[in-house]
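Protein chains: 2
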Amino acid sequence: MSSGAPLPVSPLAVPFPALPKVAGVRLQTARAGFYAAARDDLLLMRFEGEAACAGVFTRHGVGSAPVDWCKARLPQGHGRARAMLINAGCANSFTGEPGAAAAARSAAAVGAALGCPAEEVLLASTGVIGVLLDDARIAARAGDLVQGEADWEQAARAISTTDTFPKGAGATSEIGGVPVRICGIAKGSGMIAPNMATMLAFVVTDAALSPGVLKSLVRRAAPRTFNAVTVDGDRSTNDTLLVFATGASGAAPISRLSDPRLIPFAAALEGVLLDLALQLVRDGEGATKFVKISVEGARSEASARRIARSIAESPLVKTAFAGEDANWGRIVMAVGKADEPVDRTRLCVRFGPLWAARDGKVASGYDEAAMSAYMKRQELEVAVDVGVGEARADIWTCDLTKQYVAINGDYRS
Amino acid sequence: MSSGAPLPVSPLAVPFPALPKVAGVRLQTARAGFYAAARDDLLLMRFEGEAACAGVFTRHGVGSAPVDWCKARLPQGHGRARAMLINAGCANSFTGEPGAAAAARSAAAVGAALGCPAEEVLLASTGVIGVLLDDARIAARAGDLVQGEADWEQAARAISTTDTFPKGAGATSEIGGVPVRICGIAKGSGMIAPNMATMLAFVVTDAALSPGVLKSLVRRAAPRTFNAVTVDGDRSTNDTLLVFATGASGAAPISRLSDPRLIPFAAALEGVLLDLALQLVRDGEGATKFVKISVEGARSEASARRIARSIAESPLVKTAFAGEDANWGRIVMAVGKADEPVDRTRLCVRFGPLWAARDGKVASGYDEAAMSAYMKRQELEVAVDVGVGEARADIWTCDLTKQYVAINGDYRS
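Residue numbers (my numbering), protein chains in the order written: chain A, 1 to 413; chain B, 1001 to 1413.
Simulated from the structure, these hints should not be mistaken for lab results. Note that CB positions come from ideal geometry on N, CA and C, so glycine has one too. Check each hint, because a few of them may be wrong.
[As the list claims (entries may be wrong)] Residues on chain B that point at chain A, a partial pick, calculated with CB under 8 Å: (1) T1095; (2) A1320; (3) N1408.
[Unchecked claim] Below are the DMTMM-like pairs computed for lysine to aspartate or glutamate, each with C-alpha atoms no more than 25 Å apart in a straight line: (4) B:K1071 - A:D134; (5) A:K361 - B:E1379; (6) A:K361 - B:D1068; (7) B:K1361 - A:D134; (8) B:K1071 - A:D359; (9) A:K71 - A:E50; (10) B:K1021 - B:D1275; (11) A:K71 - B:D1339; (12) B:K1021 - B:D1068; (13) B:K1292 - B:E1368; (14) A:K71 - B:D1040; (15) B:K1292 - B:D1134; (16) B:K1361 - A:D68; (17) A:K21 - A:E149; (18) A:K71 - B:D1359; (19) B:K1402 - A:E379; (20) A:K21 - A:E174; (21) B:K1361 - A:E97; (22) B:K1021 - B:E1048; (23) A:K361 - A:D343; (24) B:K1071 - B:E1050; (25) A:K402 - B:E1379; (26) B:K1021 - B:D1040; (27) B:K1071 - A:D339; (28) A:K361 - B:E1097; (29) B:K1292 - B:D1359; (30) A:K292 - A:E379; (31) B:K1071 - B:E1270; (32) B:K1021 - B:E1174; (33) A:K292 - A:D359; (34) A:K21 - A:E50; (35) B:K1021 - B:D1134; (36) A:K376 - A:D275; (37) B:K1376 - B:E1270.
Given the sequences, and given the hints that come with them, work out the whole structure.
Structure representation (structure tokens):
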């Protein structure tokens, strides 16, 4: 179990935003005591009636009891739910049958307090792997969780593990002229923090969307948002993104993805998801640089994304960022090891506005001093053109610092 | 260009071995001056007559002029050669047509000194990426390289870049009762050292093997030797393994892979390749732990290797080794993210003799104190059984330390 002692706030942190009021959802937090520190570690999101729901879960081969529970409730990745229960401090992952039973009991306890079946309560857990969830601690607080109201920032703090700042994002949009709101929170720093699992994100809108439409919107946005960020390439057993639509805004119900009234809303939702995803990078363990990697001229968007990910996850590239070194040789190395179609005689590498390589050679007029000055910025952009097509993709990442090694290596020593 | 200033010797270093005399090859080193420091940076291996030759090159999509040169000389991965020229200090990678011309001129200069066509001289380069090879510096020393003789340790030192110790291995074997010798050298620390490219390895035997047999032996051994080690998962533009057979031992020529006289020799050759490959891990940048990852119970050997590699290349696993933390939760995470067939209800994780997890749960009798004591060792073994088959594979790696970040991040600062 983590001591819960706070780490220094990331230098890349952003303030928690002012968020609009989303109709049809109430939040409440409580302390189950999974941490020694006096902090809330439970969050219940309860919906008026049943909210439409769509989710994206870890593709991790091992998984966890709460992810299994949600997948069973949302067999096609969408459905409806009355409430969403999240705990921090214990991932209930790699806990076998006893873990599955503990998850079911915690859903039942909250369902009993709400007056609904356990099956209408979704679950997420984050924290230590391999420790059975002590669900009695949750049942003891179920009564407190179904009354009163916490704000989004309190909610974000209650689900944090090694996060150094609470992560929230929101937007207002409209559907057929009626205002709708979108708010969300997320947690995660390394893809897995010290002995902890998990990226979690929960987004609620008061638009009225069918579960199927919601699922399509989430699946479409995921590759450009949560799947476009990487801290260390490590994926957790518990990663979960769930989006809920309460329908309480009074806006017209939407049940077709092609409905033109959905266009501004879809863009706003993607913006909220991207905002949350980028905050995960800003809290990357030990991060001091926020880096956008853009790959252009690729054969396909998927190919561009694989090349960008190869760059973003290369330890040699990431340590060069930490050292403020415009080491384009390592970028070239990472492009090549992606094993994707590239034309090395047309390969170009740019750091912000400065060309490092053009057409497969060092750029004429390469200016080491200007490059070094650029690399001292806190936010960097690296653009690569691989010269074989028209497709592009962006990936966001951070640098790899001694502090990352200290956080992840010195943890128990 | 690197200053050539020496790094502290790796705590995992092994002494350079006493090596047998291989008939039919002579080595010579010289200083071209690619480094400011007074050190040799050229090696010529010259063979009596033509040696059979087989190679494995980087699958890197960008490649380099010397790799292109060798591939053109050995279109099927095998052939014959009179000499092998290696330089350190300049990788001649990402240098376009001028780089290819410089490579050709350096081969021609050595060929002229030896009295053979340029095409009979193979090339390898290691050092800075994106800098054109100054081949005049090599031509100026060609005359010196074709006379006299250096030993294997001098040869290993001449091709080093950021290596902290010279790497050599050898064996004696027999073919049809006649003694044969195998000697080799290698260089490399990170897969790419600071702004440097490359793993290079050169092995010479005085057995008489056809180029095709030699190629088959090398291809068969590569997945279990050089392709079974990883420092940071980064691959270079110049990685090259070349094996030569001079035939000067007097042993019977072998031209069929199924020849039973080849059996002891094949095992000895694989032993030399593995020895060299493991020395690369022992010189992993910043490494303090030498770790063998064994995956058993997999669906296929390739699947076992992919799972082992996922574990070995996970930053969270590698930092846990650095922190002497038996963090089996991270091992489970890395197994899962490999997206290979595993049965999570049968998953077992063992550190040396100590079970951490069995049948998908923490092992009964898990002893944290015993585990912590084990993790303090310099050489560690992690074994994972994924419970779906009979296949197995080993991967060797090292830990990820603050020193790795310092070496690769502080380089130019």
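Here is how each hint holds up against the structure:
Against a cut-off of 8 Å between C-beta atoms, the interface hint on T1095 of chain B holds, since the closest Cβ of chain A lies about 7 Å away. Checking A1320 of chain B against chain A: minimum C-beta separation of about 7 Å stays under 8 Å; hint holds. At its closest, the beta carbon of N1408 of chain B sits 4 Å from a beta carbon of chain A; the interface hint therefore holds under the 8 Å criterion. Annotation: proposed proximity of K1071 of chain B to D134 of chain A is violated, straight-line Cα distance about 61 Å (limit 25 Å).
Simply put, K361 of chain A and E1379 of chain B have alpha-carbon atoms about 42 Å apart, too far for the 25 Å limit, and the pair is violated. Restraint check for K361 of chain A and D1068 of chain B: the C-alpha separation of about 16 Å stays at or below 25 Å, so the hint holds. Among the hinted pairs, K1361 of chain B with D134 of chain A is consistent with the structure: their alpha-carbon atoms are about 16 Å apart, no more than 25 Å. Proximity of K1071 of chain B to D359 of chain A is assessed by CA-CA distance (about 23 Å); at most 25 Å being required, the pair is judged to hold.
The hinted pair formed by K71 of chain A and E50 of chain A meets the criterion: a straight-line CA distance of about 17 Å does not exceed 25 Å. Proximity of K1021 of chain B to D1275 of chain B is assessed by CA-CA distance (about 18 Å); at most 25 Å being required, the pair is judged to hold. Annotation: proposed proximity of K71 of chain A to D1339 of chain B holds, straight-line Cα distance about 18 Å (limit 25 Å). Between K1021 of chain B and D1068 of chain B the alpha-carbon distance is near 31 Å, which puts this suggested pair outside the 25 Å criterion.
Taking the CA atoms of K1292 of chain B and E1368 of chain B, the gap is near 21 Å; set against the 25 Å cutoff, the hint holds. Taking the CA atoms of K71 of chain A and D1040 of chain B, the gap is about 62 Å. The hint is violated against a cut of 25 Å. About 41 Å separates the Cα atoms of K1292 of chain B and D1134 of chain B, which puts this hinted pair outside 25 Å; it is violated. Only pairs whose Cα atoms come within 25 Å are accepted, and K1361 of chain B paired with D68 of chain A is accepted, the gap being roughly 16 Å.
Distance check on the hinted pair: K21 of chain A and E149 of chain A sit about 12 Å apart at the alpha-carbon level, within 25 Å; holds. Restraint check for K71 of chain A and D1359 of chain B: the C-alpha separation of about 23 Å stays at or below 25 Å, so the hint holds. For a cut-off of 25 Å, the pair hint linking K1402 of chain B to E379 of chain A stands: about 23 Å separates their Cα positions. For a cut-off of 25 Å, the pair hint linking K21 of chain A to E174 of chain A stands: about 14 Å separates their Cα positions.
For the given pair, K1361 of chain B sits about 10 Å from E97 of chain A by alpha-carbon distance, which is consistent with the 25 Å threshold. For the hint linking K1021 of chain B to E1048 of chain B, the alpha-carbon distance of about 14 Å falls within 25 Å, and the restraint holds. For the given pair, K361 of chain A sits about 12 Å from D343 of chain A by alpha-carbon distance, which is consistent with the 25 Å threshold. Using a Cα cut-off of 25 Å, the hinted pair K1071 of chain B and E1050 of chain B holds, with the two alpha carbons roughly 17 Å apart.
Of the pairs offered as hints, the one joining K402 of chain A and E1379 of chain B holds, with about 23 Å between alpha carbons and a cut-off of 25 Å not exceeded. Taken as a hint, the K1021 of chain B and D1040 of chain B pair is honoured in the structure, with Cα atoms around 22 Å apart against an allowance of 25 Å. Of the pairs offered as hints, the one joining K1071 of chain B and D339 of chain A holds, with about 18 Å between alpha carbons and a cut-off of 25 Å not exceeded. Our distance criterion of 25 Å between C-alpha atoms is met by K361 of chain A and E1097 of chain B, whose separation comes to about 10 Å.
As the CA atoms of K1292 of chain B and D1359 of chain B are separated by approximately 22 Å, the hinted pair is consistent with the 25 Å bound. For the hint pairing K292 of chain A with E379 of chain A, the CA-to-CA distance comes to about 8 Å; that is within 25 Å, so the pair holds. Proposed proximity of K1071 of chain B and E1270 of chain B is supported: the alpha carbons are some 23 Å apart, at most 25 Å. A threshold of 25 Å between alpha carbons decides the hint, and for K1021 of chain B with E1174 of chain B the separation of about 14 Å falls inside it, so the pair holds.
Taking the CA atoms of K292 of chain A and D359 of chain A, the gap is about 22 Å. The hint holds against a cut of 25 Å. About 18 Å separates the Cα atoms of K21 of chain A and E50 of chain A, which keeps this hinted pair within 25 Å; it holds. Distance hint between K1021 of chain B and D1134 of chain B is unfulfilled; the C-alpha atoms sit about 33 Å from each other, more than 25 Å. About 24 Å separates the Cα atoms of K376 of chain A and D275 of chain A, which keeps this hinted pair within 25 Å; it holds.
Pair hint K1376 of chain B plus E1270 of chain B does not hold up; C-alpha atoms about 30 Å apart against a cutoff of 25 Å.
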